[in-house]
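Dock chain B against chain A, hints included.
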Amino acid sequence: ETGVTQTPRHLVMGMTNKKSLKCEQHLGHNAMYWYKQSAKKPLELMFVYSLEERVENNSVPSRFSPECPNSSHLFLHLHTLQPEDSALYLCASSQDGRGRSTDTQYFGPGTRLTVL
Amino acid sequence: AQSVAQPEDQVNVAEGNPLTVKCTYSVSGNPYLFWYVQYPNRGLQFLLKYITGDNLVKGSYGFEAEFNKSQTSFHLKKPSALVSDSALYFCAVRVYNTDKLIFGTGTRLQVFP
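Chain order of the listed sequences is A and B.
Take the first sequence: its position 18, counted from the start at 1, is 18 in the numbering used here, and no numbers get skipped.
Just add 1000 to the spot in the second sequence (first one is 1) and you have the numbering used here.
Don't read these hints as lab results, they were simulated from the structure.
Beta carbons are placed, not taken as given, at the ideal position from N, Cα and C, and that holds for glycine.
You may find that some hints are simply not true.
Unchecked claim - Covered, in the sense of this in silico footprint (three residues per stretch, anywhere, with C-beta under 8 Å from a C-beta of chain B), are these stretches of chain A:
#	region
1	41 to 51
2	108 to 116
What the hints assert, rightly or not - Here are the in silico distance ranges between beta carbons for each label pair:
#	chain 1	residue 1	chain 2	residue 2	range
3	A	SER59	B	PRO1079	38 to 44 Å
4	A	ASN70	B	PRO1007	39 to 45 Å
5	A	GLU56	B	PRO1079	36 to 42 Å
Isolated chain A (complex conformation) (with noise of 0.2 Å):
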């Protein structure tokens, strides 16, 4: 795990807080993943990110904003945050290619979100 980290590792936050998690990839990828992990549901990918592009938004909303300043970094600002978005927030990091890449993705622990 030790190749994507991931900080905070816990956060809680009241609704109207503003806060931000931090991702940070040691393996030479360029591209990069926000995903939300919440109980009894499959994973979501919230954001893409592909050579400091966002090349993928699904459908999430507003009050998620992603920043990726270079291909090692990823940030997912936060703010006005519901108690539904409570859940482990993972980032992840790969080789793009452009679609046509056979290889993994590497996921940091997570942060685990709690919103009251």
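Same frame as chain A, but now just chain B:
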């Protein structure tokens, strides 16, 4: 539409016995299939993948998976289960012509001593 199904929410097996965690898929084009494992309070760890070639794929921690094109299945197997194998297992398929993965709902494996 492309999809992955894991028909069992939970699989129970005694330590030392063989285990199977089932996965079936529906894809356009050639299937790229993956298995991940998640331990409590941890992220997903890659176990193995099928891209092409031999239908039996060997992965980490003694796990293997058998690709069966006619049955559109990719079941995860291990000849002898360990208590430490107890975790949540996810099957995933790559969406055709993208780098996106679609995950199954997960199967909780419980290995009893």
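Check your understanding: So which hints don't hold here, by number, going up?
Key -> none
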